[in-house]
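2 protein chains.
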Amino acid sequence: MSNQKIPYKIYLEEQEMPKQWYNLRADMKEKPEPLLNPATLQPVTLEELSGIFCKELAMQELNDTDAYIDIPEEIRKFYRMYRPSPLVRAYCLEEKLKTPAKIYYKFEGNNTSGSHKLNSAIAQAYYAKKQGLKGVTTETGAGQWGTALSMACSYFDLDCQVYMVKVSYEQKPFRREVMRTYGASVTPSPSETTKVGREILKEHPGTTGSLGCAISEAVEKAVTSEGYRYVLGSVLNQVLLHQSVIGLETKTALEKYDIVPDIIIGCAGGGSNLGGLISPFMGEKIKGKRDYRIIAVEPASCPSLTRGKYAYDFCDTGRVCPLSKMYTLGSGFIPSANHAGGLRYHGMSSTLSKLYHDGLMEARSVEQTAVFEAATQFARIEGILPAPESSHAIRVAIDEALKCKETGEEKTIVFGLTGTGYFDMMAYEKFNNGEMSDYIPTDDDLKPGFASLPKVD
Amino acid sequence: MSNQKIPYKIYLEEQEMPKQWYNLRADMKEKPEPLLNPATLQPVTLEELSGIFCKELAMQELNDTDAYIDIPEEIRKFYRMYRPSPLVRAYCLEEKLKTPAKIYYKFEGNNTSGSHKLNSAIAQAYYAKKQGLKGVTTETGAGQWGTALSMACSYFDLDCQVYMVKVSYEQKPFRREVMRTYGASVTPSPSETTKVGREILKEHPGTTGSLGCAISEAVEKAVTSEGYRYVLGSVLNQVLLHQSVIGLETKTALEKYDIVPDIIIGCAGGGSNLGGLISPFMGEKIKGKRDYRIIAVEPASCPSLTRGKYAYDFCDTGRVCPLSKMYTLGSGFIPSANHAGGLRYHGMSSTLSKLYHDGLMEARSVEQTAVFEAATQFARIEGILPAPESSHAIRVAIDEALKCKETGEEKTIVFGLTGTGYFDMMAYEKFNNGEMSDYIPTDDDLKPGFASLPKVD
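Residue numbers (this note's numbering), protein chains in the order written: chain G, 89 to 545; chain E, 89 to 545.
Rather than coming from a laboratory, the hints here were simulated on the basis of the structure.
One copy or any two copies: either way a pair holds, since identical chains are not told apart in the list.
In silico lysine-lysine, DSS-like type, Cα no more than 30 Å apart, as pairs:
1. Lys-499 <-> Lys-375
2. Lys-184 <-> Lys-143
3. Lys-165 <-> Lys-97
4. Lys-491 <-> Lys-93
5. Lys-344 <-> Lys-97
6. Lys-344 <-> Lys-93
7. Lys-184 <-> Lys-107
Given the structure is predicted, the values throughout are model-derived calculations rather than measurements.
The whole structure should be built from the sequences, with the hints applied where relevant.
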């Protein structure tokens with residue numbers, strides 16, 4: 089089909105939306121290593137996981153045999169409010185770059201939570217409701233996950249308790265208010281509402297909190313409250329499963345116009361977006377049906393894939409969650425304070441880690457000034473103000489398109505535009521004022537994190 | 089066609105997007121009164137207007153004979169980046185309200201400027217570029233217009249100078265940074281950069297500015313700078329013309345599914361959104377082809393249609409712009425400080441004023457607590473966090489749907505959802521904290537405004 093006929097935005101019809109999620113692990117010849125119970129160092133059981141997560145989600149977490157899992161009608165109904173999301177042909181960007189490459193992006197920011205996080209939030213809220221729970225607890229740092237979960241809980245009339253890293257709670261009052269508008273209760277962490285919070289406050293009275301601490305509080309709150317479970321927005325297998333809706337829609341949209349991507353690019357913090365976007369493409373790659381270059385992009389200041397170790401580690405800084413075999417900087421790793429965007433997780437989804445370890449995926453790290461240059465360029469040309477996280481993928485997409493300009497290759501590049509940057513204007517302000525700087529940790533800087541790795545292997 | 093077949097979101101194909109704007113005035117039997125030169129009290133000439141506006145826009149401003157005006161391909165290309173906008177069936181809201189009414193909303197918030205303002209901004213920037221200008225000046229209060237214009241100017245590589253009411257500049261730093269990210273220069277008004285600004289600062293050293301003052305500075309800057317013109321985001325005929333794209337898309341989308349609306353609702357400040365949304369429907373109504381109930385919704389605290397006078401008045405508080413015959417509270421009217429949203433303009437588009445005066449349109453005023461109740465309800469059910477301005481229309485749409493519940497009538501309601509509220513979380517915070525109050529001016533409160541009306545009629 090000729091270029092002329094490809095619209096700026098490819099929207100699927102409602103009936104073309106996926107009715108099943110795709111569980112990539114079922115098609116992986118080499119499965120990711122199982123989660124371990126940190127006390128016994130044995131694979132966690134469904135029963136153990138069900139104490140923390142809803143039963144159905146715990147089952148999804150452990151399921152590496154069913155390739156397709158039905159999306160319940162109630163979730164599909166919610167999806168229809170903001171999905172299908174558009175696959176956009178970046179004609180204007182291509183023109184500006186004068187590249188022969190064809191650039192597409194799957195835009196997940198067209199919902200109030202402002203990101204792809206809603207795809208999993210609504211699923212997790214649904215299963216919690218189905219199980220008859222009163223509510224869920226979670227933590228949020230930058231706030232995208234907390235916002236998405238509060239929207240999802242409001243829809244199912246479920247209580248939503250969010251522990252928000254104190255520094256974000258104070259610096260991002262608007263994020264907080266969106267969550268409150270959706271009826272969530274938002275507690276700055278560390279707080280007096282949990283035992284672990286009180287202990288931390290006693291030890292570090294002036295602390296502004298950390299994601300690890302917020303996770304610990306949220307988990308404690310869930311397991312000590314009748315009718316509550318804990319939910320998480322990234323890293324987990326269940327999250328990648330729900331996010332497969334991104335990749336499935338992308339693939340259907342491309343196939344409608346006989347487009348075959350050469351390169352697929354996504355930003356990677358815990359891996360929720362990247363894992364979802366690439367899943368059906370990776371499935372074909374694993375089966376030998378087609379080859380794609382797949383690139384994970386991470387910040388140079390938090391380089392788990394490119395400089396981390398492939399080892400069993402705690403999923404949380406508080407070291408209360410199961411152990412996962414993954415690329416990790418160590419659960420004791422603290423990202424630099426100058427780091428503006430999200431993607432500041434010490435580890436990486438075990439599935440993505442395995443794929444990377446087996447050479448099925450590339451990884452690249454980028455510095456934040458270059459990321460904000462790409463973000464600003466993209467905003468001005470394509471009209472969407474991207475989230476700093478998403479802009480990591482934009483940076484590499486532009487770099488690849490510029491390589492095509494040099495070589496004359498007409499490659500087709502697809503990247504995930506996970507969300508919008510409306511609540512990240514403080515970082516943009518820093519960039520606009522020329523006050524943003526880069527930070528690449530030295531090997532010595534990484535040592536304390538690696539020292540925190542548990543002795544398992 | 090049965091209900092079941094109507095999707096949640098009706099997206100037009102690119103080839104179904106309008107190729108011409110619709111100029112409602114051409115079809116009005118009774119034309120709106122002409123703009124007057126305040127010095128001569130004679131209708132303004134094209135030459136006079138061309139000193140302030142681009143020539144092509146001045147021509148559009150005065151054109152009440154051509155019903156259709158071609159949308160230049162360059163503008164249509166930009167439109168394709170974020171349009172067509174979806175017409176959404178509010179199934180979830182209907183269900184929650186248990187109403188037999190069918191509710192649709194045309195959602196204009198899916199672009200970085202966050203509102204419909206971009207539809208006219210890109211047109212005005214295009215004509216400025218075509219005329220060979222270096223740049224444009226404008227004012228912004230809440231910031232939607234300034235954001236849209238900065239995006240449009242960035243696209244056409246045009247300098248954009250925004251005078252932002254000082255209190256907004258300080259209280260809405262994120263809005264400011266979006267404009268700067270798009271390359272605009274943003275000056276808090278009043279400023280030292282203009283004669284009128286310096287005079288005001290001398291007289292009122294501590295002032296936090298007003299829209300009227302910012303308009304005066306922007307106009308002075310434009311007429312005293314080589315290669316610059318002034319642009320405005322509402323009230324004017326040219327703006328309503330460009331915004332007709334909203335109504336034309338809405339009508340095409342409805343017709344695709346044989347849907348005929350009974351009631352069309354829009355919020356109204358200066359009238360840019362309402363005028364655009366209703367134009368093709370009003371055209372049919374005027375020609376007697378079909379009848380529609382059309383409702384303009386304004387804040388009770390700034391009630392130009394419901395409590396204003398139909399008279400010639402200045403378009404700006406600084407009294408430098410032409411006189412327009414409109415419903416007005418007087419250019420000296422100052423909206424209450426407790427007023428949280430936009431829609432705080434003293435007057436109203438002359439076209440809409442005429443239609444209202446001739447009984448072709450209804451108007452209703454609503455109080456802001458009720459507006460934020462509707463906004464929060466809508467956000468929780470439909471998943472979109474609406475702008476306070478848009479929420480005025482939501483309030484009345486819900487009220488009308490609840491009336492249908494009482495009477496059992498299956499009316500079809502269409503309303504304009506002009507934008508998102510991401511930059512209005514301070515107002516939501518006030519509401520969430522129970523600190524929002526209502527204000528309805530007494531007749532005495534309105535007296536000073538009416539006293540400022542020029543002696544013309």
